[in-house]
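Whole structure, please, built from the sequences with the hints as guidance.
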Amino acid sequence: MRMRFVYLGAVWMATAFGLTAQTAVTEVAPSAKSALPSADTVMQRYVDATGGKAAYDAVKNRVSTGTFSLTGKGINGAIKMYQAAPAKAYTVVDIEGVGKQEDGNDGKTVWELSSMTGPRIKTGDEAAAELRTSALDAHTNWKSYYKSAEVVGSESIGDKSCWKVVLTPNQGEPETDWFDKTTGLLLRESATMDTPMGKIPVAGDYSDYRKQGDLTLPFKITQTVAGQEFEIALTKVETNVDIPANRFDLPAEIAALQK
Amino acid sequence: MNFGSALGVAALTAEQRRDSLASFDQVWTTVRDKHWDTSLNGVDWAAVRDQLRPLVEKAHSQSEVRAIISDMLSRLHQSHYAVIPGSVYHDVASREPEEGDLNGENTSPDGTAGLDVRVIGNEAVVVSVDPHSSAKEQGVAPGWIVRRVGDEEMIPVLRRVGGAYKDSTMRDMMLARSVVSRLDGPVSNPVEVEFQTGRDKMVLLTLNRREFRGTPAKFGYLPEEHVWIETRRVARDVDYIAFNLFLDPTALVAKFQESVRSCAGCAGIVIDLRGNPGGIGILAMGLAGYFIDKPDQKLGTMYMRDLPLKFVVNPRPPVFEGKLAVLIDGLSASTSEIFAGGMQDLNRARIFGSRSAGAALPSMIERLPDGDGFQYAAASYKSESGKVLEGVGVTPDEPVALTRAALLAGHDPVLDAAIRWIEDAGTQEKASRETSLKGIQTQ
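If you're matching them up, the sequences are chains V and L in order. By the working numbering, the letter at position 198 of the first sequence is numbered 198, and the numbering carries on one by one without gaps. By the working numbering, the letter at position 240 of the second sequence is numbered 240, and the numbering carries on one by one without gaps.
Worth flagging that the hints you see were computed from the coordinates, not collected in a lab. It is possible that some hints are incorrect.
Simulated pairs of lysine to any residue, SDA-like, Cα-Cα distance not exceeding 25 Å [said to hold, decoys possible]:
#1 V:Lys199 - L:Leu346
#2 L:Lys34 - L:Ala47
#3 L:Lys34 - V:Asn76
#4 L:Lys255 - V:Lys199
#5 L:Lys34 - V:Thr222
#6 L:Lys298 - V:Pro201
#7 L:Lys218 - V:Glu102
#8 L:Lys255 - V:Ala255
Distance ranges between label pairs, derived from CB positions [to be verified]:
#9 V:Thr216 - L:Lys58: 54 to 62 Å
#10 V:Gly72 - L:Ser70: 18 to 26 Å
#11 V:Lys143 - L:Glu15: 54 to 62 Å
#12 V:Asp57 - L:Lys294: 44 to 52 Å
#13 V:Asn246 - L:Val319: 21 to 29 Å
#14 V:Glu253 - L:Glu211: 32 to 40 Å
#15 V:Glu96 - L:Ser128: 29 to 37 Å
#16 L:Asp306 - V:Ser161: 26 to 34 Å
#17 L:Glu57 - V:Ser38: 52 to 60 Å
From the three backbone atoms N, C-alpha and C, an ideal C-beta is built for every residue, glycine too.
Here it is, written out as structure tokens:
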């Protein structure tokens, strides 16, 4: 599973920003590149380590529930994420003192609706990234979304040695993933989000992998958006549940923008 | 600077001393790592630490430590860098300590005497009186002068504060705060105030305090604030919206939207940001969306260390198309300035009043190991036309000064000017339409 970046522009912009991005260390020397595995191998290892292609293919929708907090800012809330095949998504974060921040897509129109900043339809690379990361088959079928992928080195994240993989999407700037060499699990992603506010660096650390049905999923996601860190701790992940038919419909405020 | 006596036995415990040093280090490191300007405004930051950290090691009280850290921050010569005492961090706004505060006897919440004040010339003049306050019951009116609060004469206070901020755009704000902070206090403690009335008689009144106007709102570690929004019709075709803070977005935006939408066909709307010190920065974009119909319009750009961020307005249809007037004064700061300055640059609003506070930097508050709060700015900001707002403020298109005489006569000259502009524009547009119509009919 490729996790979605829960881009909460209105939330992190509500505060100011930290600036120290987390960085991995120990790049493999160029001469050692011949010893690197192929991206195919690393990506397949991840799929196998987290349940296998058949288990992924069996997932038609997913509903994730958890908590949200901005690290060190005293800003907390509840988060609920809906995803449905092939690539529909809806996320709502309800934050104390702020209100609801929603984003999603109906498979075509990608949008954001904030109690603070209002409605917005995402376009271009930003929309493409959102659709890509909403896809439930983003890892098993990654070649549909990325025109190339390359293992560029070996880096440590904490005490875990990882393969560093650069993926170039069909649309947008390259993204980088770090996969644990021992377990095959995805530990970190980084990318640049192209928003109307500017190009914003984002990173996500994944941990607390737990077995959920036939899949193994990360229950803790620490995201860093332009240096501001927030944590999502999932308490429940359900798959193939009844989701209201209109769950992914465009909100009225978004529909009004299309007129 | 004297941080207190170096004599005597240390009053801080080993644990407090450790927390004090950790707090000093956290503040120093945060500024070093997160200040948007890597040159730190030209200050030799390492030298500042070398000079001041030993003083923390020798400090005898937390207030002494706080003064040292405040001194360190003052070297940056920028607003939005402050240490907030832990004792008042969550519960109270800044005010003078009163009887019962220091020994813990005051358990009642803080409240207000119901007066808003601006310093006009050298006088602390009442500009509004809460209709539900004991001040109103006793006849206090706009235009009265606050001469004394408790035992403290206002003239020396204003002279002191005015002198300290004589070259600062924040002077008006600090002067008004120095009076209001003395009027506010525990609800259980009435406050004795000597006024000079409209007829220039001196009267001594005892004012009961009441809970602050509005609804309590929390945002992260910011102290709890009461947020209110007031909307009313001020002329036949003109609505007025005022609110005291850009906080509590759910309630504020809902009421704001309701007001704007209910006035969709109005000639104009007046947004009064006088006295509004700001709040959540991006709410400026959110509220601007009710008045701007074109996408990709920007109020300005925030500059962080590695990243410029454009304050892009998301249109919120149906967008209000009438005239928009924004009122500001020396107490309009931060988000108020981002909104007013941006809307001015986009030619979407005409600004009335007096220059804003020039305290526009976005800031955040973190908890320090010793329990104090640390407020720091994390970015710089320029309005859309490239104007740096910090230390400069927003200059009104139509400067209008408050006068005591106008207040005593029951007028608000700033609001009056805004209404006049909207109505004149409406008259001109109507005349223009009629001229065009006549032209069509005679063809």
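Structure-based check of each hint:
1. With a C-alpha separation of about 23 Å, the suggested pair Lys199 of chain V and Leu346 of chain L falls inside the 25 Å cut-off, and the hint holds.
2. Between Lys34 of chain L and Ala47 of chain L the CA atoms are separated by roughly 18 Å; this keeps the pair inside 25 Å, and the hint holds.
3. Annotation: proposed proximity of Lys34 of chain L to Asn76 of chain V holds, straight-line Cα distance about 23 Å (limit 25 Å).
4. Distance restraint check for Lys255 of chain L and Lys199 of chain V: the Cα-Cα separation of roughly 33 Å exceeds the 25 Å cut-off, and the hinted pair is therefore not satisfied.
5. Of the supplied pair hints, the one linking Lys34 of chain L and Thr222 of chain V holds, its CA atoms being roughly 20 Å apart against a limit of 25 Å.
6. For the proposed pair Lys298 of chain L and Pro201 of chain V, the alpha carbon gap of about 21 Å is at most 25 Å, so the pair holds.
7. Note on Lys218 of chain L and Glu102 of chain V: the hinted pairing holds, with a Cα-Cα distance of about 21 Å set against a maximum of 25 Å.
8. Of the supplied pair hints, the one linking Lys255 of chain L and Ala255 of chain V holds, its CA atoms being roughly 22 Å apart against a limit of 25 Å.
9. Between Thr216 of chain V and Lys58 of chain L the C-beta distance comes to about 55 Å, which sits within the given range of 54 to 62 Å.
10. Between Gly72 of chain V and Ser70 of chain L the beta carbons are some 21 Å apart, a value that agrees with the proposed interval 18 to 26 Å.
11. For the pair Lys143 of chain V and Glu15 of chain L, the beta carbons lie near 58 Å from each other, so the given range of 54 to 62 Å is met.
12. Take Asp57 of chain V and Lys294 of chain L: their Cβ atoms lie about 45 Å apart, and the range 44 to 52 Å holds.
13. Checked against the given bound of 21 to 29 Å, the beta carbons of Asn246 of chain V and Val319 of chain L, roughly 27 Å apart, stay inside it.
14. The hinted range of 32 to 40 Å is satisfied by Glu253 of chain V and Glu211 of chain L, whose Cβ atoms lie roughly 35 Å apart.
15. Between Glu96 of chain V and Ser128 of chain L the C-beta distance comes to about 31 Å, which sits within the given range of 29 to 37 Å.
16. Distance hint check for Asp306 of chain L and Ser161 of chain V: the Cβ-Cβ separation is about 28 Å, which falls inside the suggested range of 26 to 34 Å.
17. Separated by about 58 Å at the C-beta atoms, Glu57 of chain L and Ser38 of chain V satisfy the suggested range of 52 to 60 Å.
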